Amino acid sequence: MDSVREALRQLIDGRDFSSPRSVLRISAERACEKKPGAPYSIAENVAHADGWQRLWLAQIKGEERPPHTDWPGVNPNEWPAIRESFCAGLEEALGLAEKAEHDAETFLRIVLHGSYHIGQCVLLKRF
Numbered sequence: 000m001d002s003v004r005e006a007l008r009q010l011i012d013g014r015d016f017s018s019p020r021s022v023l024r025i026s027a028e029r030a031c032e033k034k035p036g037a038p039y040s041i042a043e044n045v046a047h048a049d050g051w052q053r054l055w056l057a058q059i060k061g062e063e064r065p066p067h068t069d070w071p072g073v074n075p076n077e078w079p080a081i082r083e084s085f086c087a088g089l090e091e092a093l094g095l096a097e098k099a100e101h102d103a104e105t106f107l108r109i110v111l112h113g114s115y116h117i118g119q120c121v122l123l124k125r126f
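Residue 14 in numbering that gives the first Met the number 0 sits at position 15 of the sequence shown; the count goes up by one each step and never skips.
Take these hints with a grain of salt, some might be off.
[Claimed, not checked] Under the rule of at most 25 Å between Cα atoms (straight-line distance), these lysine to any residue pairs were calculated in the SDA-like manner: (1) Lys60 x Asp15; (2) Lys33 x Trp51; (3) Lys60 x Pro75; (4) Lys124 x Glu28; (5) Lys124 x Glu77; (6) Lys98 x Ala6; (7) Lys34 x His101; (8) Lys60 x Ile25; (9) Lys98 x Glu28; (10) Lys98 x Ser2; (11) Lys124 x Ser2; (12) Lys124 x Pro38; (13) Lys60 x Pro38; (14) Lys60 x Gln119; (15) Lys124 x Pro75; (16) Lys60 x Ala87; (17) Lys34 x Gln119; (18) Lys60 x Ala99; (19) Lys60 x Glu90; (20) Lys124 x Lys60; (21) Lys33 x Pro79; (22) Lys124 x Ala99.
[What the hints assert, rightly or not] Between beta-carbon pairs, the in silico distance windows are: (23) Tyr115 x Gly36: 15 to 25 Å; (24) Pro66 x Leu111: 34 to 44 Å; (25) Glu97 x Pro75: 30 to 40 Å; (26) Lys124 x Ala87: 31 to 41 Å; (27) Lys60 x Ala80: 41 to 51 Å; (28) Ala99 x Gly72: 16 to 26 Å; (29) Leu107 x Gly61: 32 to 42 Å; (30) Asn74 x Met0: 32 to 42 Å.
For the record, the hints were derived by calculation from the structure and aren't laboratory data. Keep in mind the model is a prediction, meaning the values are calculated, not measured. Here a beta-carbon is modelled for each residue, glycine too, at the ideal position from N, C-alpha and C.
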């Protein structure tokens with residue numbers, strides 16, 4: 000679990016690449032814009048990642064599975080809450096991992112899936 004906790008810290012802090020908070024510090028209009036040739040906007044990527052992250056966090060905590068839409072549409076008014084939910088979920092995952100000695104696989108899903116989608120957001124910001 001030590002490696003899992005360290006991976007979560009590195010993702011949150013942006014040690015090897017930009018942190019999610021810095022990557023996602025963009026306007027709602029820009030976040031919701033679909034770039035030519037891209038199937039999803041930055042906001043849709045983050046909403047997708049946040050939805051799965053909330054499912055995995057509920058699983059870790061032994062809670063009921065929350066409602067989930069895999070690729071929800073996002074309007075600009077929703078962007079600040081989605082961005083904050085995703086970033087806060089990473090912090091929650093780290094807090095839970097600090098106390099856990101199990102569920103390493105689920106914590107790794109959060110790290111890998113979150114990293115993947117932050118990478119997509121970095122790419123979309125270049126266009």
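Now for the hints, and whether the structure bears them out:
Our distance criterion of 25 Å between C-alpha atoms is broken by Lys60 and Asp15, whose separation comes to about 29 Å. Restraint check for Lys33 and Trp51: satisfied, since their Cα atoms lie roughly 21 Å apart, inside the 25 Å limit. Proposed proximity of Lys60 and Pro75 is contradicted: the alpha carbons are some 31 Å apart, above 25 Å. Taking the CA atoms of Lys124 and Glu28, the gap is about 12 Å. The hint holds against a cut of 25 Å.
Annotation: proposed proximity of Lys124 to Glu77 holds, straight-line Cα distance about 19 Å (limit 25 Å). The straight-line distance between the Cα atoms of Lys98 and Ala6 is roughly 15 Å, inside the 25 Å bound, and the hint therefore holds. Pair hint Lys34 plus His101 does not hold up; C-alpha atoms about 40 Å apart against a cutoff of 25 Å. For the suggested pair Lys60 and Ile25, the alpha carbons sit about 31 Å apart, so the restraint of at most 25 Å is broken.
Taking the CA atoms of Lys98 and Glu28, the gap is about 38 Å. The hint is violated against a cut of 25 Å. For the given pair, Lys98 sits about 14 Å from Ser2 by alpha-carbon distance, which is consistent with the 25 Å threshold. For the suggested pair Lys124 and Ser2, the alpha carbons sit about 30 Å apart, so the restraint of at most 25 Å is broken. This hinted pair checks out: Lys124 and Pro38 have alpha carbons roughly 14 Å apart, not beyond 25 Å.
Straight-line distance between C-alpha atoms of Lys60 and Pro38 comes to about 33 Å, which puts the hinted pair past the 25 Å bound. A threshold of 25 Å between alpha carbons decides the hint, and for Lys60 with Gln119 the separation of about 28 Å lies outside it, so the pair is violated. Distance hint between Lys124 and Pro75 is fulfilled; the C-alpha atoms sit about 16 Å from each other, no more than 25 Å. The hinted pair formed by Lys60 and Ala87 meets the criterion: a straight-line CA distance of about 16 Å does not exceed 25 Å.
Annotation: proposed proximity of Lys34 to Gln119 holds, straight-line Cα distance about 12 Å (limit 25 Å). Restraint check for Lys60 and Ala99: the C-alpha separation of about 10 Å stays at or below 25 Å, so the hint holds. Distance check on the hinted pair: Lys60 and Glu90 sit about 14 Å apart at the alpha-carbon level, within 25 Å; holds. Pair hint Lys124 plus Lys60 does not hold up; C-alpha atoms about 34 Å apart against a cutoff of 25 Å.
Between Lys33 and Pro79 the CA atoms are separated by roughly 17 Å; this keeps the pair inside 25 Å, and the hint holds. Distance check on the hinted pair: Lys124 and Ala99 sit about 35 Å apart at the alpha-carbon level, beyond 25 Å; violated. Hint check: Tyr115 to Gly36, Cβ distance near 19 Å, so the stated range 15 to 25 Å holds. Checked against the hint of 34 to 44 Å, the C-beta distance between Pro66 and Leu111 comes to roughly 23 Å, which is inconsistent with it.
Under the hint 30 to 40 Å, the C-beta atoms of Glu97 and Pro75, about 35 Å apart, fit the expected range. At roughly 21 Å, the beta carbons of Lys124 and Ala87 sit outside the given window of 31 to 41 Å. In this structure the hint that Lys60 and Ala80 lie 41 to 51 Å apart at CB is violated, the actual value being about 21 Å. The hinted window of 16 to 26 Å between Ala99 and Gly72 is violated, with their beta carbons roughly 34 Å apart.
Leu107 and Gly61 have their C-beta atoms about 19 Å apart, which leaves the hinted 32 to 42 Å range violated. Distance hint for Asn74 and Met0: a CB-CB separation of about 39 Å, consistent with the stated range 32 to 42 Å.
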